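Using the hints provided, position chain B relative to the given structure of chain A.
Protein chains: 2
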Amino acid sequence: MDLYSGHINRLIDELSSLPGIGGKSAQRLAFYIIGLPKDRVERLARSLTDARENVHYCSKCCTLTDDEICPICANEKRDHRTIMVVENTRDLAAYEKTGKYEGVYHVLHGAISPMLGIGPGDIKLKELVQRLQTETVDEVIIATNSSLEGETTGMYISKLIKPTGIKVTRIASGVPVGGDLEYIDEVTLLRALEGRTEL
Amino acid sequence: MDLYSGHINRLIDELSSLPGIGGKSAQRLAFYIIGLPKDRVERLARSLTDARENVHYCSKCCTLTDDEICPICANEKRDHRTIMVVENTRDLAAYEKTGKYEGVYHVLHGAISPMLGIGPGDIKLKELVQRLQTETVDEVIIATNSSLEGETTGMYISKLIKPTGIKVTRIASGVPVGGDLEYIDEVTLLRALEGRTEL
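Here the protein sequences line up with chains A and B, keeping their order.
Using my numbering, the first residue of the first sequence is number 27, and each one after it goes up by one.
Using my numbering, the first residue of the second sequence is number 27, and each one after it goes up by one.
It is worth saying that the hints were derived from the structure and are not from the lab.
Predicted model, so just to flag it, every value in this text is computed and none were measured.
Warning: the hint list may mix true and false statements.
Identical copies carry no separate label here, and so any pair may be met within one copy or between two of them.
Subject to a maximum C-alpha distance of 30 Å in a straight line, what follows is the list of computed DSSO-like cross-link-like pairs (lysine-lysine) [stated by the list, open to error]:
{"hint": "1", "residue 1": "K64", "residue 2": "K50"}
{"hint": "2", "residue 1": "K103", "residue 2": "K150"}
{"hint": "3", "residue 1": "K64", "residue 2": "K193"}
{"hint": "4", "residue 1": "K123", "residue 2": "K50"}
Chain A with its partners taken away, still in its complex shape (with noise of 0.2 Å):
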């Protein structure tokens, strides 16, 4: 529809193509962003470049950092020998916000999903089991989602790791099932990880 002017729609176009983001929220974005003030829209628009441009994988556990090694992979502190492995950046700091996890993490950035054609190739499975290969790890701490591909993955990884003789051990299902692990309160979480069981 050309009810606006070309930049405008241009815009909209461009704030509808986001997820969670309607027309109508597309359009009231589109006008708050032309009434800021021209130095705000451009650190808005700034953010975006600078952040799609400088945030890669940490080379050890995969998460999305400005840095070559992430701070919890450079934090000499952490529980080097314990890696929790989640499907997202997102999971990892709904863990760290907790508080009170002191192992690693890896972070899968997916799931195996028959469904959507998903194989363990497309998921940074590889980078885990070079891990376990080159460091001591005495536990992966498996934190899929508690949703049917998390439980795919979870139990394709425990089969690949099993035969390593590591440990491997699921959060418990404290997790309610179908649920997504960064929308649950941080209680559950923790209880969830206390009651983690051996695979």
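For chain B alone, coordinates are given in the frame of chain A:
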């Protein structure tokens, strides 16, 4: 919180400063944006700065436009003797979407609100009065929102224009009291237009 790296945190901060985007949505958006192809992010960022740089007020009706005069004011097929006064460009778009209004518009960019300290001098009223002095106008249709501010603004404008002898009408209150024009269905908007009464 320093859960993420500097660039990610900055992006999340910038996004969550936008209206209607909370912390969780900002996180989701940030990771979505970081995962997009580079040229898509650059296009998104450019659409923000381009819109902010190039969009300005139409020199006739004060709507937001890329050109000196907006497409509606430049359209000779429109009835330039009928001016509909709206609070903002989104409200203009709401009436344009009905496809039945043939007159032109005047966009106030706000409404009089003693509570918020917004007086007649803070909205594009001077520009409306100037138009009425230089153009031949038969009717001014007041289509401000049916909120307290919108009604106040409508009354103020009608008192201002009445002495000039120009017909002043108000869209019918088919629009629910307290409602916001842009969220109302087209049939209700048209009914309100048809049922307008002289003030």
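Problem set entry | K103 and K150: within-copy, between-copy, both or neither at 30 Å Cα | Within one copy only: 25 Å inside, 61 Å across.
Problem set entry | 30 Å Cα threshold - placement of K50 relative to K64 | both (23 Å within a copy, 26 Å between copies)
For this session: Could you place K123 and K50 in one of the four classes (within, between, both, neither) given a Cα distance threshold of 30 Å?
Result: Only across copies: K123 and K50 sit 14 Å apart there, 33 Å inside one copy, limit 30 Å.
Problem set entry | Copy assignment of K64 with K193, given that the CA separation must stay at most 30 Å | neither (55 Å within a copy, 40 Å between copies)
Against the hints set out earlier in the document, a violation occurs for number 3 only.
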